[in-house]
Amino acid sequence: MKNYLNKRNLITFALLLVIFFVVQFLIKEKIITSYMRSNLYWIGIYIMLGLSLNMIIGITGQLSLGHAGFMSIGAFSAAVALKSDPTLSGLFIGIGIGILISLIVSFIVAVPTLRLKGDYLAIATLGVSEIIRIVLNNLSITGGASGISNIKMLMSWPLLYVFVVLTILLTHNFKNSAVGRACISIKEDEIAAEAMGINTTYYKVIAFMFGAAIAAVAGALFSTTYYIVKPDSFGVSTSINILILVVFGGMGSLSGTIIATFLIGLVNIVLQPYAELRMIMYALVLIVVMIFRPQGLFGSQELSLKLLPNFKQNWFKRKEKSS
Amino acid sequence: MLEFLNQIINGLSLGSIYALVALGYTMVYGIIRLINFAHGEIYMFGAFAGMLAITVLRLPFFFALIFAMVVSALLGVFIERVAYKPLRKSSKTAALITAIGISFLLQNLTAMIMGNNTSAFPQVFDKQVYDLGGVQINSLQVLIFVVTIILMFLLQFIVLKTKLGRAMRAVAVDKDASVLMGVNVDNTITITFAIGSALAAAAGVLIGLYHIRVVFWMGTAPGLKAFVAAVFGGIGSIPGAMIGGFAIGLMEALVAGYGGTLISPYRDAVVYMLLIFVLLVKPSGLLGKNVKEKV
Amino acid sequence: MSLLSIEQVTRNFGGLTAVSNVSLKIEKNELVGLIGPNGAGKTTLFNVLTGVYTPSSGRVMFNNGDKEIELSKLPPYKITRKGVARTFQNIRLFKELSVLDNVKIAMNHEAKYGLFGALLRIGHFYKSEAYIDEKARAFLKEVNLDELADTKAKNLPYGKQRQLEIARALATGAKLLFLDEPAAGMNPQETHALTGFIKEIKEKMNLTIVLIEHDMSLVMEICERIFVLDYGKLIASGSPEEIKNNPKVIEAYLGDEVEV
Chain A
201 MKNYLNKRNL ITFALLLVIF FVVQFLIKEK IITSYMRSNL YWIGIYIMLG LSLNMIIGIT
261 GQLSLGHAGF MSIGAFSAAV ALKSDPTLSG LFIGIGIGIL ISLIVSFIVA VPTLRLKGDY
321 LAIATLGVSE IIRIVLNNLS ITGGASGISN IKMLMSWPLL YVFVVLTILL THNFKNSAVG
381 RACISIKEDE IAAEAMGINT TYYKVIAFMF GAAIAAVAGA LFSTTYYIVK PDSFGVSTSI
441 NILILVVFGG MGSLSGTIIA TFLIGLVNIV LQPYAELRMI MYALVLIVVM IFRPQGLFGS
501 QELSLKLLPN FKQNWFKRKE KSS
Chain B
2 MLEFLNQIIN GLSLGSIYAL VALGYTMVYG IIRLINFAHG EIYMFGAFAG MLAITVLRLP
62 FFFALIFAMV VSALLGVFIE RVAYKPLRKS SKTAALITAI GISFLLQNLT AMIMGNNTSA
122 FPQVFDKQVY DLGGVQINSL QVLIFVVTII LMFLLQFIVL KTKLGRAMRA VAVDKDASVL
182 MGVNVDNTIT ITFAIGSALA AAAGVLIGLY HIRVVFWMGT APGLKAFVAA VFGGIGSIPG
242 AMIGGFAIGL MEALVAGYGG TLISPYRDAV VYMLLIFVLL VKPSGLLGKN VKEKV
Chain C
35 MSLLSIEQVT RNFGGLTAVS NVSLKIEKNE LVGLIGPNGA GKTTLFNVLT GVYTPSSGRV
95 MFNNGDKEIE LSKLPPYKIT RKGVARTFQN IRLFKELSVL DNVKIAMNHE AKYGLFGALL
155 RIGHFYKSEA YIDEKARAFL KEVNLDELAD TKAKNLPYGK QRQLEIARAL ATGAKLLFLD
215 EPAAGMNPQE THALTGFIKE IKEKMNLTIV LIEHDMSLVM EICERIFVLD YGKLIASGSP
275 EEIKNNPKVI EAYLGDEVEV
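Residue numbers (this note's numbering), protein chains in the order written: chain A, 201 to 523; chain B, 2 to 296; chain C, 35 to 294.
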């Protein structure tokens, strides 16, 4: 127990409480409008999606383009569960089922496909996500192509906050552990990692399943926020949207993903009336970042005070090209 | 039996489309080891270009086809120069992500300019159905076959019998050695993109004519399936892409024709599962080479 | 019983035979050199020994004192866990990670906790992390890299990178080390320092070392026994003196510069 009660953790905990209550207050006093609240929900859910994808792409170096597939598993599990039990307990059952199915599917997918490298892995995961979407489109229990609507909207600030904080905590703990180090070594040089005694297949699968499970939870929250879920909402575009957050923030940087999601969320609000322009902006972010600053905002580092002195000289330095 | 032959005809015409698109994937991958994620969007762009050439520029069909091919080739070249060339020395992940971005960009630009809804490709030919002893083939399918065969012959001629083709093959095998042999690698790569894009555009125009619907997201599924075809036939191999395209087309037609209500809704999923199967069992495909990483 | 017994190992790649029917034995605590012209199959042999390739025929037996293990049946990471580690011809450090983290990864097996322990920070998490940190730092001190502990591997000078490459392999706890061209790209001073380093760690940590090298001064100075490969075949073995004067070896190297 004494390991948890250090100064840093206590300050962090206090800060978390403050943020929670301040926002809660602002919501109560209607300073945060219901429109702003729905944007907050979007940001929270996508922080969860971005962080979970970062575990796979940023930490372990496996380019997965199928994240929307796992999100949809969670979304439909929750939607179906909420149909029979439209209360919080129904939601949690849905979340549980979503996580379970997601773990099973991700395991089945991971073991064979994580043998593939780079481009091939990306396309294979894309194929998997499309297969999931096609299956859902034809499944009667999930309503076929029209999906499920009239889902009980149980989303609230406390619910969102708890899950987002939990996700940040878990992904942070993953990264800063022997498991995280092993995954990072795989990203850096898989052959060397094997040579240093790391069972690379095991860690790649673990990271993949971990990311998939969190994506399912985010999907479940998505369904109870947006009232309708359709299989076609969880296609390639959605996977790419999540990818953009990870790339923009920096592959491997958790704080990068969080900040990137806030920034994109803000731009969403500004570009709300111009739907296509928004998508074009997303695409440009991806392209421009990759060409001019492939490490994104923070590379694989986390936001910390240590970065400030070097800020000016490092900001515009292009990342060294590695072959 | 007759039904089977009809499905074969369907499969081969669908396969022609996939083959034309697969050729672009395979040539680009062969020369710079990049999966051009945006290739499906070139196909879509070609369809729109052809459609606009007929409706706005009032060009006759074959001129519209040429127009679409040329304009798409230019687009392919533009993308290569602006987005892919700067990243030639970067990691493959960076290049792939950029390609994804370009694909996304093209789709949404098209949605913005041409609208979200389906447009209709003008039906410039009357569809005649020919009955050959019970087996049915229509004039549009004949057109698709004829155009595809001509383009494939042209491609084979260029690749095997011209200096450019020799350069393309050389760069695909060893880029650095090609430079030393006096090949202008940059131009060779650019022209490869141009040719691949032109072929995809031709496919887009043919499909537009055949299926009438033209819409901004029409490139996604065919693009992915054509990629499966390229991998199946052996990525980097031109004959492989041709064989792969026809194979995938046939497979899809047979699944759709004989799958009944249970399986045929999943026909796309079957193609994707084939992809995963091929990547796991023999990633070099039918005609490709096994390239292992040197340790 | 020999520490490592390579029994008629052959490795083909399609039509090319990279390693052809090689048999040799390595005894405990030896310092052995593996030389031969470029393309002779030395690195391929290393790759077979460390599990990167499986032999097309033949086998590799490892006897640690406890029992005999058929190394050729194991994947690379399991071979490392048995106490056999290697370095790479083209350095494969974890470039973005610090020197300390590079070593910590080699010690990853010391983490007595799994995914749940990591996520929830329960069980052995804190104890293991503290232990690994302490052990890694102590190790760096042993190999004189402790001052660079927090430097990113990619920012190290070349000689230090090569040193870290070796140190990292050592940190896995291996007692049999395969060093692939450790002195590649080094000038005479750096080579001299490296030679001293290799001798030092061998003594201090009771190691068996097999090294591939082209720098004959290093090979002749520290190797007790030398094996020579040419076109995948073992053409000679013996003491440095014997090898230096072996006509077959000289012929194999004809055209190459032989520094003696």
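A couple of the hints might just be wrong.
Listed below are the simulated DSS-like cross-link pairs for lysine-lysine, each with C-alpha atoms no more than 25 Å apart in a straight line [to be verified]:
hint : chain 1 : residue 1 : chain 2 : residue 2
1    : C       : K209      : B       : K283
2    : C       : K209      : C       : K101
3    : B       : K283      : A       : K317
4    : C       : K107      : C       : K267
5    : A       : K317      : B       : K93
6    : C       : K188      : C       : K146
7    : B       : K93       : C       : K175
8    : C       : K129      : B       : K90
9    : A       : K207      : C       : K267
10   : C       : K129      : A       : K317
11   : B       : K164      : A       : K317
12   : C       : K59       : A       : K317
13   : C       : K175      : A       : K317
14   : A       : K317      : B       : K86
15   : C       : K59       : C       : K188
16   : A       : K317      : C       : K209
17   : C       : K209      : C       : K146
18   : C       : K188      : B       : K90
19   : C       : K129      : C       : K62
Part of the chain A face toward chain B, derived, beta carbon under 8 Å [claimed, not checked]:
hint : residue
20   : D285
21   : V311
22   : T313
To be clear, the hints were calculated from the coordinates, so they are not data collected in a lab. Predicted, not measured: the structure shown is a model, and the values here were computed from it. Just so it is clear, CB atoms sit at the ideal spot from N, CA and C, and this is done for glycine as well.
Comparing the hints with the structure gives:
no. : hint             : in the structure
1   : K209/C to K283/B : violated (38 Å)
2   : K209/C to K101/C : holds (15 Å)
3   : K283/B to K317/A : holds (14 Å)
4   : K107/C to K267/C : holds (22 Å)
5   : K317/A to K93/B  : holds (10 Å)
6   : K188/C to K146/C : violated (29 Å)
7   : K93/B to K175/C  : violated (38 Å)
8   : K129/C to K90/B  : holds (18 Å)
9   : K207/A to K267/C : violated (64 Å)
10  : K129/C to K317/A : holds (20 Å)
11  : K164/B to K317/A : violated (34 Å)
12  : K59/C to K317/A  : violated (36 Å)
13  : K175/C to K317/A : violated (37 Å)
14  : K317/A to K86/B  : holds (22 Å)
15  : K59/C to K188/C  : violated (37 Å)
16  : K317/A to K209/C : violated (32 Å)
17  : K209/C to K146/C : holds (22 Å)
18  : K188/C to K90/B  : holds (18 Å)
19  : K129/C to K62/C  : violated (33 Å)
20  : D285             : violated (30 Å)
21  : V311             : violated (10 Å)
22  : T313             : holds (7 Å)
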